[in-house]
Amino acid sequence: DTGVSQNPRHKITKRGQNVTFRCDPISEHNRLYWYRQTLGQGPEFLTYFQNEAQLEKSRLLSDRFSAERPKGSFSTLEIQRTEQGDSAMYLCASSLAWLAGVEETQYFGPGTRLLVL
Amino acid sequence: QKEVEQNSGPLSVPEGAIASLNCTYSDRVSQSFFWYRQYSGKSPELIMSIYSNGDKEDGRFTAQLNKASQYVSLLIRDSQPSDSATYLCAVNSNGGFKTIFGAGTRLFVKA
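Respectively, the protein sequence lines represent chains A and B.
Taken in order, the first sequence gives residues 1 to 117; the numbers are from my numbering.
Taken in order, the second sequence gives residues 1 to 111; the numbers are from my numbering.
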């Protein structure tokens with residue numbers, strides 16, 4: 001399978017616990033995105049990496065959220081001190097784009113569904 | 001005003017009919033436009049991308065873009081029950097990293 005993969009697929013945790021999700025992008029893709037999606041809404045942008053550099057972070061992302069992409073390959077998204085409002089589907093997407101203005105298509109992984117009790 | 005607006009639906013069409021899905025966006029410098037299909041509990045999958053004014057056809061799907069009116073649409077011909085899903089419109093500024101999604105339109109195709 002050469003698509004975007006995410007682990008775990010489901011996570012149930014208690015409020016206050018820390019959780020970490022992993023995303024493995026399509027191997028040659030240099031851009032990696034994290035989104036959050038709640039029921040009845042479209043995906044909301046959280047953060048973006050160009051290779052290993054995190055270039056933008058949404059205002060939606062509180063200080064409890066941190067993402068890394070060491071070596072420009074896989075990425076992790078950590079949520080500290082989880083709250084019930086963090087319950088959502090966390091989606092990862094990757095793309096290949098080198099120049100501004102170049103047409104870019106993002107390919108999504110299956111997502112990690114988080115439930116905070 | 002939301003950055004990307006879609007009618008939430010549900011839009012119900014009989015099998016074999018044409019389904020028409022609409023989307024408007026607020027950022028005039030937007031250059032890239034996408035339609036994704038999302039089945040319940042699954043992640044979005046790309047159906048069409050369009051970058052220039054006019055129509056773009058791919059099989060049963062046609063995307064239409066009018067940048068002057070800040071409007072993009074998706075037509076699904078010969079709709080099938082398997083087309084029943086939520087259709088997400090997504091917009092990206094020229095070279096920008098941030099893709100803004102609409103809330104999606106739910107489509108039901110009745111057999």
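Hints are computed from structural coordinates only; laboratory data are not their basis.
Source: prediction; values computed, not measured.
Treat the hints with caution; some may be incorrect.
Label pairs and their computed distance ranges (CB to CB) [what the hints assert, rightly or not]:
hint, chain 1, residue 1, chain 2, residue 2, range
1, B, Asn53, A, Gly40, 25 to 35 Å
2, A, Glu68, B, Gly16, 47 to 57 Å
3, A, Glu28, B, Glu3, 26 to 36 Å
4, A, Thr76, B, Arg28, 17 to 27 Å
5, A, Gln84, B, Val29, 17 to 27 Å
6, A, Arg64, B, Ser40, 34 to 44 Å
7, B, Glu45, A, Arg64, 46 to 56 Å
8, A, Arg113, B, Phe108, 32 to 42 Å
9, A, Gln41, B, Gly16, 39 to 49 Å
10, A, Glu78, B, Arg28, 22 to 32 Å
11, B, Glu3, A, Gln54, 18 to 28 Å
Note that beta-carbon positions come from the ideal geometry of N, C-alpha and C, so glycine has one too.
Hints and how they fare:
Between asparagine 53 of chain B and glycine 40 of chain A, the C-beta spacing of about 31 Å keeps the proposed range 25 to 35 Å intact. The hinted window of 47 to 57 Å between glutamate 68 of chain A and glycine 16 of chain B holds, with their beta carbons roughly 49 Å apart. Our hint of 26 to 36 Å for glutamate 28 of chain A and glutamate 3 of chain B holds, since their Cβ atoms are close to 30 Å apart. Between threonine 76 of chain A and arginine 28 of chain B, the C-beta spacing of about 36 Å breaks the proposed range 17 to 27 Å.
Evaluation of the 17 to 27 Å hint for glutamine 84 of chain A and valine 29 of chain B yields a failure: the beta carbon distance comes to about 37 Å. Distance hint for arginine 64 of chain A and serine 40 of chain B: a CB-CB separation of about 29 Å, inconsistent with the stated range 34 to 44 Å. Taking 46 to 56 Å as the suggested C-beta distance range, the pair glutamate 45 of chain B and arginine 64 of chain A does not conform, at roughly 30 Å. In this structure, arginine 113 of chain A and phenylalanine 108 of chain B break the distance hint of 32 to 42 Å, their C-beta atoms being roughly 24 Å apart.
The hint said 39 to 49 Å for the Cβ distance between glutamine 41 of chain A and glycine 16 of chain B, and at roughly 31 Å that hint is violated. Under the hint 22 to 32 Å, the C-beta atoms of glutamate 78 of chain A and arginine 28 of chain B, about 37 Å apart, miss the expected range. Between glutamate 3 of chain B and glutamine 54 of chain A the C-beta distance comes to about 22 Å, which sits within the given range of 18 to 28 Å.
In the structure shown, a violation is registered for the earlier hints numbered 4, 5, 6, 7, 8, 9 and 10, in ascending order.
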